[in-house]
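Engineer: Each chain, letter by letter, is given below.
Number of protein chains: 2
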Amino acid sequence: MALVVTGTISIDTIHTPSGEVRPDILGGSCTYFAAAASFFTPVRMVAVVGQDFPPHLRATLDRFPNIDTRGLEVRAGSKSFRWGGRYLDNMDQRETVFTDLNVIAEAPPPVPEAYRDSPLVFLANTHPAIQMHMLEHFDRRILAVADTMDLWINHHRDDLLALLRRVDGLVLNYDEAELMTGKRNTVAAARALLAHGPRFVVVKKGEHGCILAHQDGLAALPAYPAENVIDPTGAGDTFAGGMMGHLARRLAEGKEIRSFEAIRQALAHGTIVASFTIEDFSLDRLARLTAEDIRWRTDEFARMLRMG
Amino acid sequence: MALVVTGTISIDTIHTPSGEVRPDILGGSCTYFAAAASFFTPVRMVAVVGQDFPPHLRATLDRFPNIDTRGLEVRAGSKSFRWGGRYLDNMDQRETVFTDLNVIAEAPPPVPEAYRDSPLVFLANTHPAIQMHMLEHFDRRILAVADTMDLWINHHRDDLLALLRRVDGLVLNYDEAELMTGKRNTVAAARALLAHGPRFVVVKKGEHGCILAHQDGLAALPAYPAENVIDPTGAGDTFAGGMMGHLARRLAEGKEIRSFEAIRQALAHGTIVASFTIEDFSLDRLARLTAEDIRWRTDEFARMLRMG
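Taken in order, these protein sequences are the chains called A and B.
Take the first sequence: its letters are residues 1 to 308, numbered as in this note's numbering.
Take the second sequence: its letters are residues 1001 to 1308, numbered as in this note's numbering.
Some hints could be false.
[Stated by the list, open to error] To give a feel for the contact side, a few chain A residues facing chain B, derived at Cβ under 8 Å:
{"id": "1", "residue": "Lys205"}
{"id": "2", "residue": "Ala219"}
{"id": "3", "residue": "Pro222"}
{"id": "4", "residue": "Ala226"}
{"id": "5", "residue": "Gly308"}
[Claimed, not checked] A short list of chain B residues far from chain A (calculated; beta carbon distances all over 12 Å):
{"id": "6", "residue": "His1015"}
{"id": "7", "residue": "Asp1168"}
{"id": "8", "residue": "His1196"}
{"id": "9", "residue": "Asp1280"}
To be clear, the hints were calculated from the coordinates, so they are not data collected in a lab.
The model shown is predicted, which means the values in this text are computed figures rather than measured ones.
Here a beta-carbon is modelled for each residue, glycine too, at the ideal position from N, C-alpha and C.
My request is simple: use the sequences and hints to build the entire structure.
Structural biologist: As structure tokens, then:
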């Protein structure tokens, strides 16, 4: 069952805590999400890059055969989105070195007619008014989930609240959940966000795992214990990709995908794909990942959490 | 199978983030540990209080019938240990308001002859040389576990390292694990501590759960999702109490208690008892807790973590 993702494709420069710099590598929320989801389901992307987008980065994307790129616009006369980030010692904090929005600041890309029947929709982080505009294209959706960030919470709260009344789920970081609710307790913040409309809220805590607040229950999950973190960029987007990809696979198997149990199980699959992402830069680890690798680590994770 | 704990009994004053002050309530590592463990097994305590120890605090302790207090010395002419702490907004950070060591700074209490055959030993946080002195009394031990803190890591590292060569397990907070190893990644820090001798290391992360590094495997567990934290004091000690108490019960059932699997399962029981502790001040929640409450929440936690 097709899953569609709307979001960014970027050319990233990553500075590691050891001082290493990796320039011009493939990044972006849409990219990471789609690569992760593609291990579970066909995934349609809606994104835009500039005329300058390098062929070798496009080739990396093409290494994921389950990604449908009909919705990837290469805009003549525009420049690609570029982002640079530096990680601090603990790898869980980072600072932005530069953001060149370029084509991202222009009109959003068109949604292919063939994508309109997508039952699962993921709106990666961008201006909530654009997320709302995108959402309206998918009128046969069964499950729509949005990500967001501090910029929109601080400056476009009304647009974000309007979006929350229209989506089924919200995914955000713990500090963003606190910012939006004023609650320091992550569980309380997640629950408070439910009052704005969504059926469920997933709060991402990086190395500390995630919290799920669903209308029908609460759950917490640890991260997969990782010792060797090379580059955490994209961990949150691949978490969401694994989660939504698993739900799309469930739907293809004729199962429901909106219950507390369905979402709760999906979190584990997101956790596992994210645990691979951080083992290398960009999509490098995902590009050489196999379904067998995922199955093996998912089974190990399940054993690690099994009680009694 | 008897479990013995050596540690402190204190008279606490707790300042909450809302400005509320609770003076003269029962606290101390030994107290919290023993109360938690007593839901699983008989538990022997070795501790000392002063002549001034109030009868109503002693009465609170006596509400836990599974606690053996033959090793509780009331020292004539001495004053009880007192501690005051203030919690900051997020409830995961606190500052010490005062520490009056009093009787804790004197000679340690004697260990009753009847306790010497204890198969499980927990050395709650104190000077590692005193922990070592205590450990030597229990010459038929099967499993000995110690807690520690920054003071000993910073100023008595050699004593602590000597202790680590003699115990089976170490329990400590994530910031202490980082302090001791210089590693910011909690999983890497836990693994590095294994090199000092213990069979396993449990790193406590408060609201973010815990990490287990065992010679035979790694595991992570979330905290039970708690919205309503009244007083986090004693959460770590009751976590250890639930963990050791569960292991004592396993031993009584004729099962082994040193494997990765045994310790991993024990963490969940510690997690659940700790989740009750923080719902009220002092031992107030534990004093009205039932075995049925624990069973119910443990089952819910297991369901919350079950995959597939």
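Engineer: Taking the hints in turn, state whether each one holds.
Structural biologist: We went through each hint and held it up to the structure:
1. About 7 Å separates the beta-carbon of Lys205(A) from the nearest beta-carbon of chain B, less than 8 Å, and the hint is met.
2. The beta carbon of Ala219(A) is positioned within 8 Å of a beta carbon in chain B (closest approach about 5 Å), and the interface hint is therefore held.
3. Hint status for Pro222(A): holds, given a least beta-carbon distance of 4 Å to chain B, under 8 Å.
4. Interface hint at Ala226(A): satisfied, since its Cβ lies 6 Å from the closest Cβ of chain B, which is below the 8 Å cut-off.
5. Because the closest C-beta pair between Gly308(A) and chain B is about 6 Å apart, less than 8 Å, the hint holds.
6. For His1015(B), the non-interface assignment is confirmed: its Cβ lies about 17 Å from the closest Cβ of chain A, beyond the 12 Å cut-off.
7. Against chain A, the non-interface label of Asp1168(B) holds: every CB pair exceeds 12 Å, the least being about 21 Å.
8. Taking the minimum C-beta to C-beta distance to chain A, about 17 Å, the non-interface status of His1196(B) holds against the 12 Å cut.
9. Distance check on Asp1280(B): its Cβ is at least 16 Å (rounded) from any Cβ of chain A, clearing the 12 Å threshold; non-interface status holds.
No hint from the list above goes unmet by this structure.
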